[in-house]
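Asker: Quick mapping for you: the protein sequence lines, in order, are chains R and U.
Just so you know, we're using my numbering here: the first sequence kicks off at 1 and counts up by one.
Just so you know, we're using my numbering here: the second sequence kicks off at 1001 and counts up by one.
Heads up, some of the hints might be wrong.
What the hints assert, rightly or not - Using 25 Å as the maximum straight-line C-alpha spacing, the simulated DSS-like pairs for lysine-lysine come out as follows:
#1 44(R) to 19(R)
#2 1099(U) to 40(R)
#3 1099(U) to 67(R)
#4 1071(U) to 67(R)
By construction, these hints were calculated from the structure, which means they are not laboratory data.
Because the structure is a prediction, the values reported are computed rather than measured.
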Amino acid sequence: DTAVSQTPKYLVTQMGNDKSIKCEQNLGHDTMYWYKQDSKKFLKIMFSYNNKELIINETVPNRFSPKSPDKAHLNLHINSLELGDSAVYFCASSPMAGGSYNEQFFGPGTRLTVL
Amino acid sequence: KNQVEQSPQSLIILEGKNCTLQCNYTVSPFSNLRWYKQDTGRGPVSLTIMTFSENTKSNGRYTATLDADTKQSSLHITASQLSDSASYICVVSAVGDYKLSFGAGTTVTVRA
């Protein structure tokens, strides 16, 4: 199936741990994104890579570090997890960065729970 | 600051009925406006994308309208079905900006 996939779907961990979320897209897109959706359902952009180059880097704690080994992958590593990091994290991809008909395709999300 | 406001926050309708969701934005300069549908536990899926010159766009039983002068958009759902129960998110982008501005969404519940 052509899609944006994320692993794991659920992640439950203790405060202070380090964890990673992986994202892969096989749509041939140039641009990938990480979003955080909190309990109020707002989707907030965290990072975006275009052809492996970081183009969006919102004000997030430096405990969050994205890594794009190639155009099809964008992983998110989180150090020293805190309770406030609990949320659903969505990966997305689009054919290019910006543009009028530049539709973003979202992954299924990773629900992170920090205890 | 670019903002997107949606109303109502939530609504309940009976199966077969119509409903209209509203989106007001202050994003400038305007590039395009999208409506996404997000089912519970899943990622958002695009329903429509409209640019400045487009007033209306349909996708099956979903019809989006855009008034770029008043900076308002609406999403009309016709003959609602149980599967329409979801959150509908209005997303606006500005010219030259990679980032999108998201509304908080309207949660629609369709009851039999």
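Asker: Checking against the hints above, which ones are violated?
Answerer: 4
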